[in-house]
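1 is the number of the first residue of the first sequence in this note's numbering; add one for each residue after it.
Everything labelled a hint here was simulated from the structure, so no lab data went into it.
Values in this document were obtained by computation on a predicted structure and should not be read as measured data.
By construction, the Cβ of each residue, glycine as well, lies at the ideal position given by its N, Cα and C atoms.
A hint or two may mislead.
[Stated by the list, open to error] Pair by pair, the computed Cβ-Cβ distance ranges are:
| id | residue 1 | residue 2 | range |
| --- | --- | --- | --- |
| 1 | Asn62 | Leu215 | 46 to 52 Å |
| 2 | Ser151 | Leu211 | 32 to 38 Å |
| 3 | Ile7 | Ala222 | 26 to 32 Å |
| 4 | Glu178 | Ser3 | 46 to 52 Å |
| 5 | Thr64 | Thr26 | 20 to 26 Å |
| 6 | Lys84 | Leu211 | 47 to 53 Å |
| 7 | Ser3 | Gly171 | 48 to 54 Å |
[To be verified] Distance condition first, Cα-Cα at most 30 Å in a straight line; then the derived DSSO-like pairs of lysine-lysine:
| id | residue 1 | residue 2 |
| --- | --- | --- |
| 8 | Lys84 | Lys13 |
| 9 | Lys59 | Lys21 |
| 10 | Lys154 | Lys227 |
| 11 | Lys175 | Lys228 |
| 12 | Lys116 | Lys93 |
| 13 | Lys227 | Lys13 |
| 14 | Lys59 | Lys84 |
| 15 | Lys248 | Lys228 |
| 16 | Lys13 | Lys93 |
| 17 | Lys22 | Lys59 |
| 18 | Lys59 | Lys93 |
| 19 | Lys227 | Lys248 |
| 20 | Lys175 | Lys116 |
| 21 | Lys154 | Lys116 |
| 22 | Lys228 | Lys13 |
| 23 | Lys13 | Lys59 |
| 24 | Lys84 | Lys116 |
| 25 | Lys93 | Lys154 |
| 26 | Lys154 | Lys175 |
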Amino acid sequence: LISWNIILHMYSKQQCFELVKKFFETMPLHNAISMTIMLMTYSQAGDVEAARFVLDSTKEHNLTLWNAMLIAYIQNGHLSEATKIFSSTLREKDTSSSNTMVTAYAQSGHVDQAQKLFNEMPVRDIVSWTAMLSAYAQVGRLEEAQRIFHSMPKHNSFTWTAMLAAYAQNGQSIKCIEFFHEMGIVESPNDVCFTCVLQSCSHTGDMRRGLPYFLSITLDYAIDCPKKQHFSCMIDLLARGGYLEDAKDLLSFMPFAP
RNA sequence: CAUUAAUGG
1 LISWNIILHM
11 YSKQQCFELV
21 KKFFETMPLH
31 NAISMTIMLM
41 TYSQAGDVEA
51 ARFVLDSTKE
61 HNLTLWNAML
71 IAYIQNGHLS
81 EATKIFSSTL
91 REKDTSSSNT
101 MVTAYAQSGH
111 VDQAQKLFNE
121 MPVRDIVSWT
131 AMLSAYAQVG
141 RLEEAQRIFH
151 SMPKHNSFTW
161 TAMLAAYAQN
171 GQSIKCIEFF
181 HEMGIVESPN
191 DVCFTCVLQS
201 CSHTGDMRRG
211 LPYFLSITLD
221 YAIDCPKKQH
231 FSCMIDLLAR
241 GGYLEDAKDL
251 LSFMPFAP
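Work out the full structure: start from the sequences and follow the hints.
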């Protein structure tokens, strides 16, 4: 059963919805994990009704399944339904449930509600802190974002990149680039960091600044070649700098992906 | 073996 679930999950990750459905029906047994995978699959396919049906047809509703249902409502524009379940239906919630709601509030522009929930949480993990930091970044409250970054008990690559992104998205290109170097001392940058930095370089309007970063993706770090995000930034950078021909060249050398 | 946080066009 474990192997079937692994395969089911693989299809789901690749968004082969029909295959998932077929494979699910082929499986001799289902457990809570299979059901969660199905629920998430319907959610990503935009079918909340089907997702709800999965939940309702499951005998044992564990918390992970409910959390998945929260996501399904949120992803499909039913935040109020998610809120209702979160605050009334569920008697037991874990940190993931709350983190999900914090993110949902933040993404719908309700930073204050996100903060309120964050404050009320009995336990906060690094995901909660990152979610809160991004919440402030998204509405341009950089000071608050910075404050959160320095208040959190721990850092990982997500927290660093969230802060980088905060600078990048609020036009603080120089801060972003400086911060990138600050980070390099303690944490090895991942592909997302480079996306943020390249974006910032592009915004400074100085293309010579971006090129070294682009090259160091492959040369200095163990990142599996530049991805399409990085090409995207580089093309943007070249085009803005007036090197339209070079941008076209880069496009034609780029390996295509889904 | 399942659910939550970061990134460009």
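- Message: So if I understand the rule, the pair passes when the alpha-carbon distance is 30 Å or less; does Lys154 with Lys175 pass?
- Response: holds (21 Å)
- Item | Thr26 and Thr64 - C-beta distance against the hinted 20 to 26 Å | For Thr64 and Thr26 the Cβ distance comes to about 23 Å; the hint holds.
- Query: How does the Cβ-Cβ distance of Ser3 and Gly171 compare with 48 to 54 Å: does it lie in that range?
  - Reply: holds (49 Å)
- Task: Could you tell me whether the CB distance from Ile7 to Ala222 stays inside 26 to 32 Å?
- Result: 29 Å Cβ-Cβ, so the 26 to 32 Å window holds.
- Query: Do the alpha carbons of Lys248 and Lys228 lie within 30 Å of each other, as the hint requires?
  - Reply: holds (15 Å)
- Message: Need the status of pair Lys175, Lys116: alpha-carbon distance at most 30 Å?
- Response: holds (29 Å)
- Measure nothing beyond the straight line between the CA atoms of Lys93 and Lys154; if it is 30 Å or shorter, mark the hint as holding. With Cα atoms ~23 Å apart, Lys93 and Lys154 stay inside 30 Å; holds.
- Message: For a C-alpha distance cap of 30 Å, please report whether Lys59 and Lys21 respect it.
- Response: Given that 30 Å is the threshold and the Cα spacing comes to 20 Å, the pair holds.
- Message: What's the verdict on Lys175 and Lys228, does the C-alpha distance respect the 30 Å limit or exceed it?
- Response: Judged against 30 Å, a Cα distance of about 24 Å means the pair holds.
- Task: With a cut-off of 30 Å on the C-alpha distance, tell me whether Lys59 and Lys84 pass.
- Result: holds (22 Å)
- Task: Quickly compare the C-alpha distance for Lys84 and Lys116 to 30 Å and report which way the hint goes.
- Result: holds (16 Å)
- Take a quick look at whether Lys13 and Lys59 sit within 30 Å of each other, Cα to Cα. Holds, at about 25 Å.
Checked against the numbered hints given earlier, this structure breaks none of them.
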